[in-house]
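*Asks:* Spelled out, the chains give:
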Amino acid sequence: MSTVKEQLIEKLIEDDKNSQCKITVVGTGAVGMACAISILLKDLADELALVDVASDKLKGEMMDLQHGSLFFSTSKITSGKDYSVSANSRIVIVTAGARQQEGETRLALVQRNVTIMKSIIPAIVHYSPDCKILVVSNPVDILTYVVWKISGLPITRVIGSGCNLDSARFRYLIGEKLGVHPTSCHGWIIGEHGDSSVPLWSGVNVAGVALKTLDPKLGTDSDKEHWKNIHKQVIQSAYEIIKLKGYTSWAIGLSVMDLVGSILKNLRRVHPVSTMVKGLYGIKEEIFLSIPCVLGRNGVSDVVKINLNPEEEALFKKSAETLWNIQKDLIF
Amino acid sequence: MRIRHRGLKVLPTALLVSQRSGQQLFAVSLSPLLEQAAMSWTVPLVRASQRVSSAGANFLCLRMALCPRQAVHIPLQGAWLFTSVSKMATVKSELIERFTSEEPVHHSKVSIIGTGSVGMACAISILLKGLIDELALVDLDEGKLKGETMDLQHGSSFTKMPNIVCSKDYFVTANSNLVIITAGARQEKGETRLNLVQRNVAIFKLMISNIVQHSPHCKLIIVSNPVDILSYVAWKLSAFPKNRVIGSGCNLDTARFRFLIGQKLGIHSESCHGWILGEHGDSSVPVWSGVNIAGVPLKDLNSDIGTDKDPEQWKNVHEEVIATAYEIIKMKGYTSWAIGLSVADLTESILKNLRRTHPVSTIIKGLYGIDEEVFLSIPCILGENGITNLIKIKLTPEEEARLKKSAKTLWEIQKELKI
Chain B
3 MSTVKEQLIE KLIEDDKNSQ CKITVVGTGA VGMACAISIL LKDLADELAL VDVASDKLKG
63 EMMDLQHGSL FFSTSKITSG KDYSVSANSR IVIVTAGARQ QEGETRLALV QRNVTIMKSI
123 IPAIVHYSPD CKILVVSNPV DILTYVVWKI SGLPITRVIG SGCNLDSARF RYLIGEKLGV
183 HPTSCHGWII GEHGDSSVPL WSGVNVAGVA LKTLDPKLGT DSDKEHWKNI HKQVIQSAYE
243 IIKLKGYTSW AIGLSVMDLV GSILKNLRRV HPVSTMVKGL YGIKEEIFLS IPCVLGRNGV
303 SDVVKINLNP EEEALFKKSA ETLWNIQKDL IF
Chain R
675 MRIRHRGLKV LPTALLVSQR SGQQLFAVSL SPLLEQAAMS WTVPLVRASQ RVSSAGANFL
735 CLRMALCPRQ AVHIPLQGAW LFTSVSKMAT VKSELIERFT SEEPVHHSKV SIIGTGSVGM
795 ACAISILLKG LIDELALVDL DEGKLKGETM DLQHGSSFTK MPNIVCSKDY FVTANSNLVI
855 ITAGARQEKG ETRLNLVQRN VAIFKLMISN IVQHSPHCKL IIVSNPVDIL SYVAWKLSAF
915 PKNRVIGSGC NLDTARFRFL IGQKLGIHSE SCHGWILGEH GDSSVPVWSG VNIAGVPLKD
975 LNSDIGTDKD PEQWKNVHEE VIATAYEIIK MKGYTSWAIG LSVADLTESI LKNLRRTHPV
1035 STIIKGLYGI DEEVFLSIPC ILGENGITNL IKIKLTPEEE ARLKKSAKTL WEIQKELKI
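Sequences listed follow chains B and R, in order. Per our numbering, the first sequence runs over residues 3 to 334. Per our numbering, the second sequence runs over residues 675 to 1093.
No wet-lab data here; the hints were simulated from the structure. The reader is advised that the hints may include incorrect statements.
Unchecked claim - With a straight-line Cα cutoff of 20 Å, these simulated DMTMM-like cross-link-like pairs (lysine to aspartate or glutamate) come out:
no., chain 1, residue 1, chain 2, residue 2
1, R, K766, B, D223
2, B, K83, R, E1001
3, B, K7, R, E986
4, B, K179, R, E808
5, R, K766, B, E227
Claimed, not checked - Reference listing, derived: stretches of chain R covered by chain B, where coverage requires no fewer than 3 residues with Cβ under 8 Å from a Cβ of chain B:
no., segment
6, 833-845
7, 940-950
8, 967-975
9, 992-1002
Beta carbons: idealized from backbone N, C-alpha and C, even for Gly.
Just chain R, with the same shape it has in the complex (with noise of 0.2 Å):
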């Protein structure tokens, strides 16, 4: 909140008194602090009178006299005290001068919903990256998510960016440029998963509405697992625009995938090109058409690649993302680093509009040949609006076929919901 202060009425009284001290530069100085709010350069001036001659403490008992009211108006921020009222210095006062009152706007604002151990792996990553200047922390959880949020500032001093704020309020994520969900119910044992989605909808709608209430221009990634189901939730719940409700969908299933591809060939994954399509998670669809090491397609190499018939069976790559998840699982609990990685691999395309590609969960109404209101991941070109554009790819019949299969399935849980 700002205090305008009517500076011009002042101002000549200013140039005076330092004329007679004969401190003309100290007269220009002054005036574009004078045009600021007042409680800001009280202070500076209570200083610059005690290295000025006494006819600079004049000025400042003449300006007290003037607007006596502003005394009153001072802004209470950490141990800043006003001087002249109260004879207490702080350290802070003795060491700062205040030089504007203008408060800083974060352009790079993003929050993390969830800080589990896949929340925690985004936001680690995130502020490795330097992606972002303020970052902020939501959970149900209070005792967890301030441990969290204490852990991460105090290695502010090495990350660069010790603007870390958390709540079990939604206000502490207002202005969000991104908002990233990893919060949600887990599938228990036996459980249908209409019953987990159903239970992840009731969840959802309390944390969309606080995201959109205090941050309505922001973009969402969804994480949450299933997560195409709930990038569809959350976009009906959110009322964005299609452009602004993105999955993570198939992004972490492409990057294990140009792993493995990496491994088999002896090249790091960077120079393998391949995509997985559709649904994240078993059903998920690799187009054998597009893998390629520097735009040499291994289909023309290998015709049978990723079908039956294939001797150097390709297809056991693609099963094996489906399956390393599951691995990861049981050998340490839960997967958390790769998901981390290629969400904040997703942030960076966005917060600084690159326009790469990415395979993310958007809505596939209309393309396909698929008639139902599902999102299933394509490649997106990712920038500062979210999905900006979809690449067209070219399906064969019996991928098509796959990504329609998704679709009818995911309807089928989708249409009983009850959002």
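Bound conformation, chain B alone (with noise of 0.2 Å):
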């Protein structure tokens, strides 16, 4: 007795498992999610695998995506608290992490941080050891640092999201202010992803005409348009978020599907990722900051050398000290 399957379908050859384009998530929570919806509604995937330690929680996720297939192109939605569901994977977004306890300091959440990624970075290098790997889990900057350390992969393999969601922040506000799109206004926000970003006021401009031009003040204290208060609204719309709704995910997801869109398609696009800065503007140390970075295939391909004025460039090393006070005291 043959089945519906026997009697419609002739089968000519086995299916190709391979998949080309195999993106995991690592963190099924609001910013996982958000990054996971992200990727599917733009197509940058053939599979798509979900990784968490809470199983049922996974398995929900993963069965409501599964339910919108209909309406997106990537066939192959898995899950599973084993590493082994990220085989083969070309980018591994690692969106897990704990979070910031009341009263707890930085360092001591790093470090909690790092025992998590102890349990998670060498079975992600060794189910996909030529993948690359995006870190988004906070504080991003230093959590890069410790992913790299602990993967062993070159540093053009292990990007941090770092300052692409304030650069984009900054790019709305901008927009904003004069009722131009976002993607016309052109700024830059480099260095480490929170309070001691640093914006690029001279490269701030519109159709090529820098605002610094037409206001010699711009971003400083004496300018009278304020226009500084754009970046400290940067800095500020994370926690406002968070106080209002509890979390971020929309535009950290977002953003991340745009440094996916770059790698997987080799698009050779500039973003301010978080890359190793060592050698660069008097830095000494193994830090990773956000500076503009070539995205391709290979990951981090090249690196823009921007001009920083003296004082952006102190601004750079002092978030590099920063930084650096929290790394060394850390145990792998």
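Join the two chains into one complex using the hints; note that each chain is given alone, in its own frame.
*Replies:* The structure is reproduced here in structure tokens:
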């Protein structure tokens, strides 16, 4: 007695189970799932794997995505607690990690996250030795360093999501102030993703017109239009959104999708992401900070050598110092 | 608000001045501007005058003398300032020259009521599909609402859509093409369905009247559960014609059905055709006669398909569709992604007038021997006017009987409602 399938379909050749463009998302919290849905809707992968420690949540999220299969083109969505599901990934996005508890010092938080990364990263590298790792978990610059150290991968293949989101927020706010679409407003924030990020006012431009040539005081304290507040808003916005809705997800998910697109399609676009900056701007330690990087199939293939004015360089170096003070005490 | 300018009176003066300065082209380029609102060109003229000879500067003084009142009507938009009144130039005014006072009209505005997991999944799916030019979010929880809006705005470099507004107040939904309702009360432990629905009627009363007031021509997509009853409630409260009230209904059930059929056959869900109709939920009806791949009905290959006698037990596929919703809720607390994607799919058909067929909930009175004024899912053609046509799908006596039974159950509850 033959099944409907046997009667309907004649097989010619075995199904090729090898995916060409597999992405794994580690951590199925709000950020991980925002990354997942954005990647699915942008058709970036032909296989998506989800990994988490909470099995029920993990399975529920996987099923919810699978039920939407009719509406996108990623034919294989899998999940598991075991990293074997992540095998042969082109990109592994790490969103897992401990959240800062009330009153917890940054160092204590980072040390807890080192422990988590130690349990995650070796397995990831074992199953996908050629992958690029995109680190999203915070504090992202330090954790990108941690992941790089644990993974043993070359610096080109360990990328921190860094200031890609800060710069997007910056451009949105500049756009609002000028009444221009954010994609036509150019502005870069580099350095630490967080409170000590560095806005490059000299580069802020629309159609090649540097705003600083229109107002030399742009971004300074004596600027009567207080453009500096835009940068403050960028820093504050994460805290504000967390206060209002409990966490941020959509913007970071979209920003990760943007980076993944550049990598998988070898676009060689420039993004401010967290990479190893030892040797640049007089930095002597093994620190990861965001600078404009060219992203392609090999990960960070080039960096753009931006001229920082003395003040910007000082801020950048200060970020490096702050991070090193925490990194040097970490126990691996 | 446009400030109409009595342009023609000034036109000769402009030409005169420019002729004197020998800038013929300058005059020609000015005339379209002169016919627009006054303030939109006075500053550009200031700028232009800085570039041409002093004749231009004289013109401006002359202009000001003719219509001194105009100086007072300054459109206060952002950091825009009138330079000849106040000497302070902003970066914006230095960088950008206003060219028109015409305000943009948004053609594809969607409003989403309710910023919970379902509402936000609808939002992100619609944004990533690039379907709209404005999004409005409404919710009672102002903190959550603002947080979600900011989060989406910050991602606008990547979605290319920065026009996202929010408010507790429905004025933000004005002139929506489509309004998606995901808000509503959740079933409490031990609560009867009738009680839940009655609570939702109270919520919908306020919601619908506000929506209709601000977007009298919009289409409504109802997602909140129980969706068939609430679509009826929304239709009654809005007094909209039936084509403009659409219940998300069995669009998701059908998507799940097709996914599971695809898994069983090793084929992508897009190539597996099958329809689930009727009541969204436990008593939905899988139309086995229509299930086909490449036009080959599975029923031709297995005449017992969907029945208890079926050795392959295809019936389980339908049962799984019903069960998985509960399963996902048990595992992650709620469902969001699939329903969000399915709503974005309906949105696409409507906004782009695609005229695709979807199983959505609409008024079914008069069909299949149903006399009650109830909403059930049947295949509908969706376009810019909402549900423009129905597909007259042939059902077996058993399938028809199930639809009639659903209609009766829904009516039992609906007739008790105080709308």
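*Asks:* If you test the structure against every hint from before, which numbers come out violated?
*Replies:* Failing hints: none at all.
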